[in-house]
Amino acid sequence: DGGITQSPKYLFRKEGQNVTLSCEQNLNHDAMYWYRQDPGQGLRLIYYSQIVNDFQKGDIAEGYSVSREKKESFPLTVTSAQKNPTAFYLCASSIGWTSGASQETQYFGPGTRLLVL
Amino acid sequence: GQQVMQIPQYQHVQEGEDFTTYCNSSTTLSNIQWYKQRPGGHPVFLIQLVKSGEVKKQKRLTFQFGEAKKNSSLHITATQTTDVGTYFCAVGTNSGAGSYQLTFGKGTKLSVIP
Numbered sequence: 001d002g003g004i005t006q007s008p009k010y011l012f013r014k015e016g017q018n019v020t021l022s023c024e025q026n027l028n029h030d031a032m033y034w035y036r037q038d039p040g041q042g043l044r045l046i047y048y049s050q051i052v053n054d055f056q057k058g059d060i061a062e063g064y065s066v067s068r069e070k071k072e073s074f075p076l077t078v079t080s081a082q083k084n085p086t087a088f089y090l091c092a093s094s095i096g097w098t099s100g101a102s103q104e105t106q107y108f109g110p111g112t113r114l115l116v117l
Numbered sequence: 118g119q120q121v122m123q124i125p126q127y128q129h130v131q132e133g134e135d136f137t138t139y140c141n142s143s144t145t146l147s148n149i150q151w152y153k154q155r156p157g158g159h160p161v162f163l164i165q166l167v168k169s170g171e172v173k174k175q176k177r178l179t180f181q182f183g184e185a186k187k188n189s190s191l192h193i194t195a196t197q198t199t200d201v202g203t204y205f206c207a208v209g210t211n212s213g214a215g216s217y218q219l220t221f222g223k224g225t226k227l228s229v230i231p
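Chains R and S, in that order, are what the protein sequence lines are. Mapping of the first sequence onto this note's numbering: position 104 corresponds to residue 104, and the numbering continues sequentially without gaps. Mapping of the second sequence onto this note's numbering: position 16 corresponds to residue 133, and the numbering continues sequentially without gaps.
By construction, these hints were calculated from the structure, which means they are not laboratory data. There may be inaccurate statements among the hints.
Stated by the list, open to error - Only pairs whose alpha carbons sit at most 30 Å apart, straight line, appear in this in silico DSSO-like list of lysine-lysine:
id, chain 1, residue 1, chain 2, residue 2
1, R, 57, S, 226
2, S, 174, S, 226
3, S, 153, R, 57
4, R, 14, R, 57
5, S, 187, R, 71
6, R, 83, S, 176
7, S, 153, S, 173
8, S, 186, S, 173
9, S, 153, S, 176
10, S, 176, S, 187
11, S, 187, S, 168
12, S, 187, R, 57
13, S, 223, R, 57
14, S, 226, S, 186
15, R, 57, R, 83
16, R, 83, R, 9
17, S, 173, S, 226
18, R, 9, S, 153
19, S, 186, S, 176
20, S, 176, S, 226
21, S, 187, S, 226
22, S, 174, S, 187
23, S, 153, S, 168
24, R, 57, R, 71
25, R, 14, R, 70
26, S, 168, S, 226
27, S, 173, R, 57
28, S, 223, R, 9
29, S, 223, R, 83
30, S, 153, S, 174
31, S, 176, S, 223
32, R, 9, S, 226
33, R, 70, R, 9
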């Protein structure tokens, strides 16, 4: 069954704690993305990666970090520097331009809801 | 990324009424995509428009791309309760060196009253 999985579905963070959100895809996609969704704010891009071992900051990267050591995985760490982390976090992937095709359609995982205690 | 304005932010309709959401940009777009997010769910790709003046239909949904490629609309005919959700437009930006990203509008949340 191909697709994107995110875990956990719900995550609670204490003040001053770093937490890592998991995102895995078995679609053989080159590109992966992390978005944050707040009510009435739409989706805002945190980080994206067009290829393994490379990633770029999106519009709201401060307080977040990522890694892309494997093609299938793109974990997001919400650090203690992120002062307002409560949100719905969505991971997405696409075939990517490095595959030589302009298939920009993004496929989203089910999301992780992060709450600060 | 590019900025795109989506209106209205909310729309409440009686079941059977039509619904339209609009996306507008101050710059010419290379393409525009539309996604639907059901309550509690994740965005799901609906369609991509590329050509000036393009019109595409999916059953009761009609998507249009403006002649100047600066605006787009999604129209739903005779809404049903299954149409409930938030509809987003998204525009792509190629930053060069293989760097590509989507910028999403803030979405239009559709409520359908049975």
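Check whether the Cα positions of residue 187(S) and residue 57(R) lie no farther apart than 30 Å. holds, 26 Å
Is residue 57(R) within 30 Å of residue 83(R), Cα to Cα? Roughly 18 Å between the alpha carbons, so the hint for residue 57(R) and residue 83(R) holds.
Satisfaction of hint between residue 226(S) and residue 187(S), Cα-Cα up to 30 Å: This hinted pair holds, its Cα atoms lying about 22 Å apart.
Straight-line alpha-carbon gap residue 187(S) to residue 168(S), limit 30 Å: holds, 11 Å
Does the alpha-carbon distance linking residue 57(R) and residue 71(R) stay inside the 30 Å limit? The hint holds at about 18 Å.
With a cut-off of 30 Å on the C-alpha distance, tell me whether residue 223(S) and residue 9(R) pass. holds, 23 Å
Within a Cα-Cα threshold of 30 Å, do residue 226(S) and residue 186(S) meet the stated pairing? Roughly 24 Å separates the two Cα atoms, so the pair holds.
Given the hint that residue 14(R) pairs with residue 70(R), does the C-alpha gap stay at or below 30 Å? holds, 29 Å
Sort out whether residue 57(R) lies within 30 Å of residue 153(S), counting only the CA atoms. Holds: residue 153(S) and residue 57(R) sit about 25 Å apart, inside 30 Å.
Below or equal to 30 Å on CA atoms is what counts here, so check residue 57(R) against residue 226(S). holds, 28 Å
Agreement of residue 176(S) and residue 223(S) with the hint, judged by alpha carbon distance not exceeding 30 Å: holds, 25 Å
Given hint residue 173(S) paired with residue 186(S) - CA-CA distance at most 30 Å: Holds, at roughly 15 Å.
Hint check: violations occur at hints 5, 6 and 27; the rest are consistent with the structure.
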